[in-house]
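Fit chain B with the ligands to the supplied structure of chain A, relying on the hints for placement.
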Amino acid sequence: MLNIIVCIKQVPMVSELPWNAKTGTLKRELAQGMMDPSSRQALEAALRLKQDPEQQTVTITALTMGPPMAEEVLYQAVALGADCGVLLTDRRMAGADTCLTSFILAEYLRNHAPETDLVLCGSQTSDSETAQVGPQLACELDIPAIGWASDIRLTGNTARVERHVDDFLEVLEMDLPGLVTVDQGAFVPGYTALGGVQSAFDASEVSILDAQALGLEKRFNAIKDSPTRILDVYSPTTEKENRVLKGAAKTVVDRLFKEYGKTISSAMGKDLKIERGREGSR
Amino acid sequence: MSDKGAKKNKDIWVLGDYRNYFQSRVTLQILARARALAEITGGRVCALVFGHDVGEYAREYIAHGADRVYVMDDPCLKSYSVEKFSFLLTRMAREFRPDILLVGATRFGQEIAPRTAKELDTGLTADCIDLEIDDKGRLVQIAPSFGGNLIARIITPKARPQMATVRPGTFQERPHDDTATGEIVTLDLPENMPADRVRCIRSTYKPVKTRGIEEADIVITGGRGMGSKGKFKKLFDLAALMNAEVGATRPVVYSDWISHDALVGQAGKHIRPKVLFSFGISGAIQHTAAISDADFIVAVNKNPNATMMKMADVAIVADANQVCTGIIRAVKAAVRE
Ligand SMILES: Cc1cc2nc3c(=O)[nH]c(=O)nc-3n(C[C@H](O)[C@H](O)[C@H](O)COP(=O)(O)OP(=O)(O)OC[C@H]3O[C@@H](n4cnc5c(N)ncnc54)[C@H](O)[C@@H]3O)c2cc1C
Ligand SMILES: Nc1ncnc2c1ncn2[C@@H]1O[C@H](COP(=O)(O)O)[C@@H](O)[C@H]1O
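Residue numbers (this note's numbering), protein chains in the order written: chain A, 1 to 282; chain B, 1001 to 1337.
For reference, chain A alone in the conformation it holds in the complex:
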């Protein structure tokens, strides 16, 4: 039996973030949540291992740390084929940076799931995109890790991973337990209509742990313990001449070339007018 933990984050649906450009504020709490796409691909990788007929029996646990509403992504994970879900939630965990997120996730693995063979993470979440939680979790657990996997094969106790990074195509191997983060685009899930599946799960498959149940120290406080601090946040703006052209396509294109033809042709590396004659004689 092979135990896989998939780390899943709930992220805000960014296109719907209520963001006020004037005041520079973001009402995060109003945003609708969804499963982070990279985490979804990590889950997909786990599901493919589970479906592989040559594979031993696979158990998938979806693990998330987040606010109470993050349990939604666990139900979704179970509906998609995970065996159970675990939510780590506590006010003292709120505001955790990647260092502390990986610490909290590691505490669960150490104290509650020591039998884990393989930890799967997405490469980078769509809201913070730090790509740090995976490597830091491996570091925290002191297990080998391979990032940006595009293919994962398990034979006995060994994971063989293929990846294409920094212009190198690599095949790497490690013994389990280990951690793998999956590359974006490598495990694209097929479309699943969740509507019907949603009702198929049993709420008992999701368990919830707070800081105390998890085994965190009394002093633990994510925000206070975080080494970085945000000074301020702003929306970038640029000052430009901003010439607006309107009308039929042909008209605007003519105007564009008439007024800015020089800029365009010099970037092209050929003077369009002189080029006419030369081109003809080639």
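Check the hints yourself; a few may be wrong.
[Stated by the list, open to error] Taking lysine-lysine pairs in the BS3-like style, the calculated list, with each CA pair at most 27 angstroms apart, reads:
(1) A:K258 with B:K1310
(2) A:K250 with B:K1206
(3) A:K258 with B:K1302
Calculated from the structure, these hints are not laboratory results.
Below, chain B with the ligands alone, put in the same frame as chain A:
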């Protein structure tokens, strides 16, 4: 391995990521910025090189602005190893206590930096698009944040070193200066090197693309507003005519209208063309953060209020496909006549 008086160190360290030297200039780009930051803080710029037969890189980094290069040269460091390199980096940072540690956001950098930050109990800002020193001498790490709709300025008040990864293409490298002088400090490998738990079975050089969109003088980007994969193809025709490269927004690469390496934005490439054509793109910050260095922007969008239109030099309010076809026709005519 000790450097007396290094306690109140102001040194800025840059990890030498040399593996893909000719394609990836990120280490040189960071060295240039580190040089500028060091002028303010009064520290030295130090590069680190771990590997085997890597002397040429050490000299190269000096020619590009490093005051000092720490070299660990050993056959056992012949190939890149995240575990070994982060072990060495952590150990050296503990010993020499640099004030700032910068790493290029290559895939390798993105693996080694978080591990090192974790070991050193310090913060790390990922994928910075700018770095500054504030009036208190602290490193201000500027990165797209909060779902990328915003830019955040982040500091590391207490923990040291202040760590950041920097997106390739963010800074401009300095010209190679053969007359630059710097010190090469060769260090011995520590005895308790960890064994590699990850075994490399095969590693083959396989570049994604030869001429990158990052260097192109003209870039043509298309967004969801192009309508379909078939219509998006028109941008390739235009690019061929203009000797340009094609870039895209995330919905476009996710829909597979073009491959993922054409992605322009926070999660993709940073571009700095002389002329940028932007077709059917709304202008989300994750995208625009990577195009702000374009000298001249022509945006086409049906919606005159789209952010992309506001930041354009020329904003064409029209159908993206029709304008694209119109430009193709105009360029063909200008070239053929
Ligand atoms: C963490 C994170 C990282 C991200 N990283 C990136 C990144 O690196 N790069 C990136 O691009 N995105 C990134 N995104 C996504 C980004 O937020 C936007 O969703 C994306 O850039 C929008 O792409 P778009 O402009 O093509 O689509 P849309 O926002 O849907 O805009 C389409 C535009 O086309 C216009 N349009 C429609 N029809 C026509 C027509 N016929 N003619 C002319 N105009 C038309 C519309 O008015 C609209 O303005 C990221 C998001 C997150 C959360
Ligand atoms: N709060 C969280 N709970 C569970 N998994 C997480 C959490 N944050 C990040 N991860 C995992 O770490 C990966 C990388 O996240 P990030 O470092 O935020 O880009 C994600 O794809 C998840 O697999």
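Structure-based check of all given hints:
For the suggested pair K258 (chain A) and K1310 (chain B), the alpha carbons sit about 22 angstroms apart, so the restraint of at most 27 angstroms is met. With a CA separation close to 43 angstroms, the supplied pair K250 (chain A) and K1206 (chain B) exceeds the 27 angstroms bound. Our distance criterion of 27 angstroms between C-alpha atoms is met by K258 (chain A) and K1302 (chain B), whose separation comes to about 22 angstroms.
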